[in-house]
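Residue numbers (full-length UniProt numbering), protein chains in the order written: chain A, 1 to 259; chain B, 1 to 259; chain C, 1 to 259; chain D, 1 to 259.
What the hints contain is simulated information worked out from the structure, not anything from laboratory work.
Partial pick of chain B residues on the chain A-facing surface, computed with a CB cut under 8 Å: (1) 211; (2) 216; (3) 230.
Backbone N, C-alpha and C define an ideal beta-carbon position, used for all residues, glycine too.
There are 4 protein chains.
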Amino acid sequence: MTEADHRRNDARLQEWRNRTIVPMVAAASVFLAAYAWPIIDPDLPAVWEGVCSAALVVVWALFCADYVVRLWLAPQRVAFVRRNWFDLLVLLVPVLRTLRLVQVIVVLGLVNKRATMTMRASVSKYSVAAALLIVFCAALAVLDAERGVPGAVIHTFPDALWWAATTVTTVGYGDLYPVTAEGRLVAGVLFTAGIALLGVVTATLASWFVEKFNEGQESAAATQKQMVELMEEVRSLRAELAARTAPAEPAAEEADPGR
Amino acid sequence: MTEADHRRNDARLQEWRNRTIVPMVAAASVFLAAYAWPIIDPDLPAVWEGVCSAALVVVWALFCADYVVRLWLAPQRVAFVRRNWFDLLVLLVPVLRTLRLVQVIVVLGLVNKRATMTMRASVSKYSVAAALLIVFCAALAVLDAERGVPGAVIHTFPDALWWAATTVTTVGYGDLYPVTAEGRLVAGVLFTAGIALLGVVTATLASWFVEKFNEGQESAAATQKQMVELMEEVRSLRAELAARTAPAEPAAEEADPGR
Amino acid sequence: MTEADHRRNDARLQEWRNRTIVPMVAAASVFLAAYAWPIIDPDLPAVWEGVCSAALVVVWALFCADYVVRLWLAPQRVAFVRRNWFDLLVLLVPVLRTLRLVQVIVVLGLVNKRATMTMRASVSKYSVAAALLIVFCAALAVLDAERGVPGAVIHTFPDALWWAATTVTTVGYGDLYPVTAEGRLVAGVLFTAGIALLGVVTATLASWFVEKFNEGQESAAATQKQMVELMEEVRSLRAELAARTAPAEPAAEEADPGR
Amino acid sequence: MTEADHRRNDARLQEWRNRTIVPMVAAASVFLAAYAWPIIDPDLPAVWEGVCSAALVVVWALFCADYVVRLWLAPQRVAFVRRNWFDLLVLLVPVLRTLRLVQVIVVLGLVNKRATMTMRASVSKYSVAAALLIVFCAALAVLDAERGVPGAVIHTFPDALWWAATTVTTVGYGDLYPVTAEGRLVAGVLFTAGIALLGVVTATLASWFVEKFNEGQESAAATQKQMVELMEEVRSLRAELAARTAPAEPAAEEADPGR
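In isolation and in its complexed conformation, chain A is listed as follows (with noise of 0.2 Å):
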């Protein structure tokens, strides 16, 4: 495969996955209310619970499809599922249902990865949707995980709820707390995004206040455009003088290869 190629592919990659952003967030919406919907209303008849997990089984099809064209797609494929060993996880391992609502967060996420990288603003609005969507996601899987297990706390979507708001801000209470050892995955997830979250909230203050009130930032600016004109100014002079004396003497043009 040639240098070339390998360009041309990754611009391929890179094609599909900006026509494709928005099939996958709608497919995700969807993954997401297929999962919440049983899980928040447990008395659902079972005509739509069935539509439910069927919609679960298109939906990860799709999600297989897209790795896997994905995949196709890559330049170089060993590195493509190095990199991108999560989503494979996330494909293979059926058990691991929370982690594809995580997936799901990622996809989501893929939408505004180019703005993060560019504006403070954009970074804390991802953020804290980012929050919010963990948040909801892990308080289904816990109460999924939990109910009618003997011995657990956690029974009701409210609860699941209130649980899942007390760890990602590592407060926890303990009034209630998962027992299972899907419940306790699910909540290892809500504590690293959580600690994430905290780093990412004080880091962007942290930036901005380093701007705001540090003068070395506003000096270093401010030489920065100075250093503009300074630049004209001494060129210019450079200009005068040959203007000056350029006619007058030969020994000049020797000077210019030495520039």
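Add chains B, C and D to chain A, keeping to what the hints say.
Chains B, C and D in isolation, oriented as in the chain A frame:
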């Protein structure tokens, strides 16, 4: 509506804000007192309770009036509503007493707004004040929501304050916790405030340490000063050159426009 | 009082501080020991308990004397009282033993004050020391407040230490927690210390990473060095120009004042 | 001992370190396995338990030998002991098994030391790895300390892992908590690790955001580049000036030393 109108209205909106800050803060304080008193002292004579509820209604009306005036003065009404969705939410949903208390805080916040943008010290002072106020209001709101509810564990104001303190710092012992939906909503506001507070404290320290400890910052400031000097140096250099050789050559004039 | 008096008094206040640091820290240590011993060892013979309380009174008197002297030396007395409100509070309200212990820490803090302002390492060392001391004092204070109270869960010093550690780190298991007002006041001080500690740790790391990782910082420092070089370059350029053309033209002299 | 000896020994110490990293990490892994196995599987045949304890002793001996060699190679022995007090503590006090496990982590840490100093990504990777390892070791240690103790609530390895996770993230539900002194000591290490971890996560993000978002940083870098350009510009300006006027005047030569 012309551009000029826009600018004039914007100025009028600003002026209105500046003029109303003092009365608004006064109204907010009355609101706080009228809200706090009946909660802290449960066996308050019915007469006084009536007075308090009346005061709450009056202040609420004032807030509404203020909102309407600002909306009317706003250059772009739609943008104004979108930007101030929180004010509207707090005004329209009378159930959200707790959020109206947060609104009180926001109003108080307006006072320091400009200050906070300029100095580190005022950011800290403002955050501490806001944190204390939020803790106090949250304690009131949670007590109001939990007291007398079967299964609730928060029954006295000292307990409510203690709970609020353990919550805003994300310690969350779990000896006390809300069980009602309203109480948990208040807790949610407290969590968020707690994370924000932690972020502000850390970020303020970070920006301060960066300034104090990092060479880059100092040299940037120093460079800035020298830059000005250098600029003069070069300019007077040109001046001299001109002074010496200008009379001899018209070439200088031709060079001028090139600058 | 003239400006000169002000300056002289300020100098004398500073000198007093420098001279009294060592004895004050010694007194504080005595205070800490005399406070800790009867609490850690409940069945201490009455004689020794008497000695300890006597020591506490003596040290308290010393602190008062120190405050009075400093007040007397202060250039502006009112400003001094306002600036040192915390010292006064701790001295005047004999109930607030816990805060007097925090006062001990403040005194110890004075020692490193100057150091902390200059280096990152000393900030870290000072914070760690302060944190350990606060945890130790808080454990003593909470045990003193809770022991023997009906319904209290903290009865032994190891338990108190464990509680203090879980609190200052904002973990807050909730297996142990204060139930008395004094105990909760101590906890409040610990929360605050915990958040501050977290902030200092993170901020120190952040300022260090910013220096280590961010190009901006290095280039700012590098620019600073080159700036000096460039300045010389330009100056000697002017020198040469002058050297070459000065004798010929008086115009140079006229240009001088313009610089 | 001459300066030259010092330098030679320092080099030899470094060389020893580089050579022993791989075997030390291997030994540490064996240690970890031999420590973990009997704890995770309580009904391990006595034979294997014996093998494990033997392995622990052997590895411990290796660590001691390594320490002695490094001490012997160190240029200043006293300084070496003071700088490596932690290693010594962990080696000499055989009770502190938990700390010896932390020592394992320190050894593993050595591998990335140099990397961490240079890149943000490696700091993150190293911290995550360290965090996971600390959580795993802490779970082992706490289980070892608590299992079979009357009144203890941590009896199985999954519970211990869950407890460690809730602790390192400072969530601290309080459904599980250590009751023995050893268990609480382990918890103390975990708290500290948790705060440090939180600090590293936030600080890394902060330094990254400062670089990405703050104008000051970019302009400082940009200025740096232009500075070099400008320098050349001015130098060649001098060159020209010299080239033009040097032959005419000996004054130039006199001016030279002044540069």
